Amino acid sequence: MTSNISLYTLLLAFVISSCTYEKAPEFAPEYLYNVPGETVIKSIINNKTRTIALIYGNDQAQQTARDPLLRPVAGAHYTLVTWKQKAMPQWYGTNMNGRIYSVETLKISQRNKTGFAFNYEFRPGQSYLPSDRRPEKGHRIHFITAQHAAIFP
Amino acid sequence: MKKPGLTFYKISAVISILMFMGLQIVSPAIENPQVTSKILLPIQVKQILERACSDCHSNESQLKWYDRLAPASFLVADDINEARSRFNLSQWDHNPPAVQELLLWEIVNAIEQGKMPLKRYQQMHKRSKVSQSELVILKQYVNTLPGRHKVDTAKLIGEPLRVQKGLNKRNPVSLNGIVYSSDYKNWKIISVTDKFDGGSMRIVYGNEIMVKAIKEGELPFPDGARIVKLVWGKQRQDKDGNVLPGNFQNAQFMIKDSKKYRATEGWGFAKFDGLALKPAGKSVLFEQTCINCHRLLTSQNDFVFNIPVK
Numbered sequence: 004m005t006s007n008i009s010l011y012t013l014l015l016a017f018v019i020s021s022c023t024y025e026k027a028p029e030f031a032p033e034y035l036y037n038v039p040g041e042t043v044i045k046s047i048i049n050n051k052t053r054t055i056a057l058i059y060g061n062d063q064a065q066q067t068a069r070d071p072l073l074r075p076v077a078g079a080h081y082t083l084v085t086w087k088q089k090a091m092p093q094w095y096g097t098n099m100n101g102r103i104y105s106v107e108t109l110k111i112s113q114r115n116k117t118g119f120a121f122n123y124e125f126r127p128g129q130s131y132l133p134s135d136r137r138p139e140k141g142h143r144i145h146f147i148t149a150q151h152a153a154i155f156p
Numbered sequence: 153m154k155k156p157g158l159t160f161y162k163i164s165a166v167i168s169i170l171m172f173m174g175l176q177i178v179s180p181a182i183e184n185p186q187v188t189s190k191i192l193l194p195i196q197v198k199q200i201l202e203r204a205c206s207d208c209h210s211n212e213s214q215l216k217w218y219d220r221l222a223p224a225s226f227l228v229a230d231d232i233n234e235a236r237s238r239f240n241l242s243q244w245d246h247n248p249p250a251v252q253e254l255l256l257w258e259i260v261n262a263i264e265q266g267k268m269p270l271k272r273y274q275q276m277h278k279r280s281k282v283s284q285s286e287l288v289i290l291k292q293y294v295n296t297l298p299g300r301h302k303v304d305t306a307k308l309i310g311e312p313l314r315v316q317k318g319l320n321k322r323n324p325v326s327l328n329g330i331v332y333s334s335d336y337k338n339w340k341i342i343s344v345t346d347k348f349d350g351g352s353m354r355i356v357y358g359n360e361i362m363v364k365a366i367k368e369g370e371l372p373f374p375d376g377a378r379i380v381k382l383v384w385g386k387q388r389q390d391k392d393g394n395v396l397p398g399n400f401q402n403a404q405f406m407i408k409d410s411k412k413y414r415a416t417e418g419w420g421f422a423k424f425d426g427l428a429l430k431p432a433g434k435s436v437l438f439e440q441t442c443i444n445c446h447r448l449l450t451s452q453n454d455f456v457f458n459i460p461v462k
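The listed protein sequences correspond, in order, to chains G and D. The opening residue of the first sequence carries number 4 in the working numbering; numbering runs sequentially from there. The opening residue of the second sequence carries number 153 in the working numbering; numbering runs sequentially from there.
One or more hints might be untrue.
[What the hints assert, rightly or not] Here are the simulated lysine-lysine pairs, PhoX-like style, with alpha carbons at most 25 Å apart:
1. D:K198 to D:K291
2. D:K198 to D:K281
3. D:K391 to G:K26
4. D:K337 to G:K110
5. D:K411 to D:K434
6. D:K434 to G:K87
7. D:K347 to G:K89
8. D:K281 to G:K87
9. D:K430 to D:K337
10. D:K340 to D:K364
11. D:K347 to D:K291
12. D:K340 to G:K89
13. D:K291 to G:K51
14. D:K367 to D:K340
15. D:K198 to D:K267
16. D:K267 to D:K302
17. D:K278 to D:K216
18. D:K216 to D:K302
19. G:K140 to D:K411
20. D:K337 to D:K367
21. G:K89 to G:K116
22. G:K110 to D:K411
23. G:K89 to D:K462
24. D:K216 to D:K198
25. D:K190 to G:K51
26. D:K291 to G:K89
27. D:K216 to G:K87
28. D:K291 to D:K190
29. G:K87 to D:K367
30. D:K267 to G:K87
31. D:K430 to D:K412
32. G:K89 to D:K267
33. D:K216 to D:K291
34. D:K267 to D:K190
35. G:K110 to G:K26
36. G:K89 to D:K271
37. G:K51 to D:K411
38. D:K367 to D:K281
39. D:K271 to G:K26
40. D:K190 to G:K87
Treat the hints as calculated values from the structure; they're not laboratory data. Being a predicted model, the structure only gives us computed values, none of them experimental.
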């Protein structure tokens, strides 16, 4: 009987030692950002600021982003969501979006017969630090409207 | 209760010995097939992989006497067969260069996450353990591979509009019956990634069921959850550090149906390559390539890599 118990104990020890405890992931739904009424134009990685971004646009913004000359269209709405990069926990060799750094919006309207008005807003996100420099408005308007759409299937 | 007598122990011992001897007769033979093409690696990397991986992942297994002893030999033979089917350092050129590169990254990841070498193998082969400093060497090596800084822009110029108009009518079907659909364009984004191996950038869409499950922390993900990952190459980095998407490479689908896709942990996989959206894989077994990696590294995430986690 004693030998049987020892055998079972050994077998049990082997089975337990073969199993590895796997910690359940902690989801971060706060990294998600919903932009109603707009679809993705493209993603942008920035290796200097260690950020990753998505630029969204409504139909008019998409029209501009697909125009080789990038001509602005009145009524265009853009949203540029920027996250700090973080290493993907399960795969060394991939960075992904972490906490939101900023949300920039741009609305284009017709100012007069030939000109447009650009209404730009910058909203800091969870990972934006008070000491961080705010982006220059003119530079950001140019950056957002200069983006060609990625090639989608 | 009456204790068993000496005869009982004698008979038990004889039966055990006979069973043990019988097992040796049917014990699987563990052969080393011919080495056809060895992997070429820097010496330091080679030494680590040979010590940690070669016994199972090559045709140069150097087994101990007890590895060949049944019943352990059954487990050893099974592990070696499985290992050689995943990658074989002695038949390295059986894989195209891009796959070789991906396998090297997968090796590093499996080691980093403590999945490889197998715990039970390490218990019996103490030298197989890869130290943290050795892992650093492996990481440094994979970061020198060509895909890490690959720039992919050659075909981009002037085609987007024409190409897009021509493709929206098609609905290619994967070998396992998954139909390509562009519905995902109205789904929410669950992650955006910069992948070093192979040099790609990705946008990952999740349908309403998937997003709800993430928000509510529901695991395993419910049936009906769908994920679509769009993959592009990368353009050259500009002076401000921006990297923009290059050519479209593929669309990868994952569909949760715990009954239909039971053999692949409840997920149906499909990959549609290039702007022609050609279904990937030569046989339905292509799913195994997908699930092998997901099973090894993301079992705790219900086999999904691209979800927002802390």
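Pair hint outcome, K271 of chain D versus K26 of chain G [Cα-Cα no greater than 25 Å]: Holds, at roughly 17 Å.
Take the C-alpha atoms of K190 of chain D and K51 of chain G, compute the straight-line distance between them, and say whether it is at most 25 Å. violated, 39 Å
Can the restraint linking K110 of chain G and K26 of chain G be considered satisfied, given a maximum Cα separation of 25 Å? violated, 44 Å
Below or equal to 25 Å on CA atoms is what counts here, so check K216 of chain D against K198 of chain D. holds, 21 Å
Hint check: K89 of chain G vs K116 of chain G, CA-CA at most 25 Å. Holds or violated? Violated: K89 of chain G and K116 of chain G sit about 46 Å apart, past 25 Å.
Within a Cα-Cα threshold of 25 Å, do K216 of chain D and K302 of chain D meet the stated pairing? violated, 43 Å
Below or equal to 25 Å on CA atoms is what counts here, so check K89 of chain G against K462 of chain D. Holds, because 9 Å separates the two Cα atoms, which is no more than 25 Å.
Does the alpha-carbon distance linking K340 of chain D and K364 of chain D stay inside the 25 Å limit? holds, 11 Å
K291 of chain D and K190 of chain D: Cα distance at most 25 Å? holds, 21 Å
Do the alpha carbons of K430 of chain D and K337 of chain D lie within 25 Å of each other, as the hint requires? holds, 19 Å
Below or equal to 25 Å on CA atoms is what counts here, so check K340 of chain D against K89 of chain G. Holds - the C-alpha atoms of K89 of chain G and K340 of chain D are around 20 Å apart, at most 25 Å.
Straight-line alpha-carbon gap K367 of chain D to K281 of chain D, limit 25 Å: violated, 38 Å
Figure legend: structure checked against the earlier numbered hints; hints not met, in rising order: 3, 6, 8, 16, 18, 19, 21, 22, 25, 27, 30, 33, 35, 36, 37, 38, 40.
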